[in-house]
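A.B. asks: Protein chains in written order, with this note's numbering: chain A, 605 to 770; chain B, 247 to 553.
The set of hints was computed from the structure by calculation and includes no laboratory data.
Heads up, a few of these hints could be off.
[Unchecked claim] With a Cα cut of at most 30 angstroms, we get these calculated BS3-like pairs of lysine-lysine:
1) Lys362/B <-> Lys663/A
2) Lys548/B <-> Lys537/B
3) Lys731/A <-> Lys331/B
4) Lys362/B <-> Lys698/A
5) Lys478/B <-> Lys758/A
6) Lys548/B <-> Lys668/A
7) Lys731/A <-> Lys461/B
8) Lys731/A <-> Lys362/B
9) Lys461/B <-> Lys733/A
10) Lys668/A <-> Lys333/B
11) Lys733/A <-> Lys362/B
12) Lys758/A <-> Lys548/B
13) Lys742/A <-> Lys395/B
14) Lys758/A <-> Lys395/B
15) Lys698/A <-> Lys430/B
16) Lys733/A <-> Lys548/B
17) Lys731/A <-> Lys430/B
18) Lys333/B <-> Lys362/B
[To be verified] Among chain A residues calculated to face chain B with C-beta under 10 angstroms, some are:
19) Tyr648
20) Phe720
21) Gln723
22) Thr738
Glycine residues also receive a C-beta, built at the ideal position from the N, C-alpha and C atoms.
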Amino acid sequence: MRRVLIAMLLLMPVTFLISPAFTAMEKEMSIQVDRAQLRSTPAYYGSVVTTVNYADRLKIIDSKGAWVKAATASNNATGWIHISALTSTKLAPKSGGKNAPTSVSAGELSAAEKGFTEQIEQAYRQKNKAIDFTWVDKMEQIEISPRQSAAFLKEGRIEPAAGGEQ
Amino acid sequence: MRRPLGYPLLLLLMPLLLSVVPGCQTVAVVTSAGADIAAGTGVITRNQAESIKKSSQAAGKAFEEFTPENEYYIGRTIAANILSKYKAYQNMGPNQYINLIGQTVAQASDKPETFKGYHFLIMDTDEINAFATPGGLILVSRGLLRCCKSEDALAAVLAHEIGHVQLGHGMGAIRGSRYTSLGKIAGVELAKNLGGAQLAQAAEIFDGTVGDIMKNMVDNGYQSSQEYDADKAAVTILKRVGYNPTALKDMLEQMDRQLGANSGGFGKTHPKPHDRLQNIEPLLKGLGSSKETSARKARFSKVMRGV
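Model the full assembly from the supplied sequences, consistent with the hints where possible.
C.D. replies: Below, the structure is given as structure tokens:
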């Protein structure tokens with residue numbers, strides 16, 4: 605009896621989070637990566653519905669595994685996005701970015717947003733002039749689009765395994 | 247003997263703590279612990295626990311979690327340091343090809359989204375080596391690529407490195423004191439850009455953070471268990487995409503043959519291919535041997551011929 609009671613107590617915080625899935629998740633979340641895609645299906649090979657940018661807010665509609673169905677606030681496009689692109693934190697759009705506001709007050713920035721950023725890299729490079737970032741910049745420019753990926757897989761006759769859920 | 251009351255009492259309080267404490271940080275920590283406990287007792291499976299932990303971490307906004315942007319800047323600096331030691335291989339054909347494979351395969355990982363995505367570059371050295379920096383900048387040596395006799399084997403090498411990024415092995419090397427020091431600076435009300443003294447302090451913590459990861463990744467190597475976990479992640483990723491995971495086995499066998507005079511730091515920092523083979527063997531049961539279509543074979547030998 606006592607063991608059952610302990611097991612039930614142990615499970616309470618867990619069930620609190622998983623049933624129904626994502627009840628504890630925010631209704632709105634932010635994009636925490638520079639750029640990401642909403643897709644037609646909850647899979648990496650789903651076709652792209654629209655592109656979203658850092659700090660964009662999304663309305664959360666549904667979830668399946670590690671994928672979340674969401675709608676953009678701006679044009680109400682709906683699609684699936686992997687949870688790794690999202691955070692519950694409200695983020696301040698980057699200056700110079702697509703959604704950049706005219707000014708960002710200190711209070712709007714979370715602690716981590718003030719942390720290791722471009723400013724710190726500049727300070728590091730000033731101090732370590734022998735460390736060369738040329739090829740780091742060059743490798744970042746090698747971008748493979750979802751369309752190129754799809755064509756590459758098709759040409760090589762590489763097909764996703766059945767049941768291989770992400 | 248009577249057990250002290252503290253343990254059940256704490257359990258009773260757990261749901262209460264959850265509902266009262268508003269900080270996401272606390273919730274993330276408590277739910278991770280709760281999921282671990284529940285999995286440990288067999289109430290839920292380890293997979294379920296991991297997914298709860300993942301979603302609670304994603305929903306939490308604890309400062310202890312560096313943002314993808316923070317990871318990106320850490321990763322860039324580490325890659326620049328490595329590329330000061332090893333030269334970049336400037337033949338863009340093979341570099342484009344490994345990016346086609348790598349960036350495609352990364353989309354099927356458990357962490358397809360990083361701040362500026364996954365990017366791959368070949369290091370111009372005969373040494374057998376590879377480095378996966380936080381944020382997804384991945385460097386592989388010509389020596390390691392020569393252990394790959396097929397596109398599937400190449401995909402296996404890249405998927406293993408993506409596994410390290412997905413599992414946060416680089417970031418895991420950061421000492422706790424860096425978080426504490428950063429927390430102290432971040433606690434101060436700051437303008438958008440850090441001011442003189444705080445900038446200097448943050449830059450110093452950044453140096454230390456980069457040093458922590460470099461020491462672990464380049465000098466000492468990850469723990470054997472982390473290498474095995476990256477191999478397991480690679481098998482899962484390859485299956486999802488449709489590459490044959492037995493190619494990882496082919497690659498390890500080839501590496502075993504080639505590891506010799508040219509091993510460089512790799513032999514010291516990685517478990518022996520033989521041990522890695524034993525670890526993945528059970529995961530490959532029932533899978534056929536690695537066979538490739540002629541289109542795949544043709545493009546592999548055309549691009550990789552000179553590497």
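A.B. asks: Give a verdict on every hint.
C.D. replies: Hints versus structure:
A distance of roughly 23 angstroms separates the Cα atoms of Lys362/B and Lys663/A; the hinted pair therefore holds under the 30 angstroms criterion. Distance restraint check for Lys548/B and Lys537/B: the Cα-Cα separation of roughly 18 angstroms lies within the 30 angstroms cut-off, and the hinted pair is therefore satisfied. With a C-alpha separation of about 18 angstroms, the suggested pair Lys731/A and Lys331/B falls inside the 30 angstroms cut-off, and the hint holds. At roughly 14 angstroms between alpha-carbon atoms, Lys362/B and Lys698/A fall within 30 angstroms of each other, so this suggested pair holds.
The straight-line distance between the Cα atoms of Lys478/B and Lys758/A is roughly 26 angstroms, inside the 30 angstroms bound, and the hint therefore holds. Simply put, Lys548/B and Lys668/A have alpha-carbon atoms about 40 angstroms apart, too far for the 30 angstroms limit, and the pair is violated. For the hint linking Lys731/A to Lys461/B, the alpha-carbon distance of about 20 angstroms falls within 30 angstroms, and the restraint holds. Distance check on the hinted pair: Lys731/A and Lys362/B sit about 25 angstroms apart at the alpha-carbon level, within 30 angstroms; holds.
The straight-line distance between the Cα atoms of Lys461/B and Lys733/A is roughly 20 angstroms, inside the 30 angstroms bound, and the hint therefore holds. Between the alpha carbons of Lys668/A and Lys333/B the distance comes to roughly 43 angstroms, so the proposed pair goes past 30 angstroms and is violated. Between Lys733/A and Lys362/B the alpha-carbon distance is near 24 angstroms, which keeps this suggested pair within the 30 angstroms criterion. Only pairs whose Cα atoms come within 30 angstroms are accepted, and Lys758/A paired with Lys548/B is accepted, the gap being roughly 18 angstroms.
At most 30 angstroms may separate the alpha-carbon atoms for a hinted pair to count; Lys742/A and Lys395/B meet this at roughly 27 angstroms. Between the alpha carbons of Lys758/A and Lys395/B the distance comes to roughly 21 angstroms, so the proposed pair stays at or under 30 angstroms and holds. For the suggested pair Lys698/A and Lys430/B, the alpha carbons sit about 24 angstroms apart, so the restraint of at most 30 angstroms is met. Distance hint between Lys733/A and Lys548/B is unfulfilled; the C-alpha atoms sit about 39 angstroms from each other, more than 30 angstroms.
Taking the CA atoms of Lys731/A and Lys430/B, the gap is about 23 angstroms. The hint holds against a cut of 30 angstroms. Annotation: proposed proximity of Lys333/B to Lys362/B holds, straight-line Cα distance about 23 angstroms (limit 30 angstroms). Contact between Tyr648/A and chain B, as hinted, is supported at the beta carbon level, the nearest pair being about 4 angstroms apart and thus within 10 angstroms. For the restraint placing Phe720/A at the interface with chain B, the shortest Cβ-Cβ distance is roughly 4 angstroms, inside the 10 angstroms limit, so the hint holds.
Residue-level restraint check for Gln723/A holds (minimum Cβ-Cβ distance to chain B is 6 angstroms; threshold 10 angstroms). Contact between Thr738/A and chain B, as hinted, is supported at the beta carbon level, the nearest pair being about 8 angstroms apart and thus within 10 angstroms.
Of the numbered hints stated above, those contradicted by the structure are hints 6, 10, 16, listed in ascending order.
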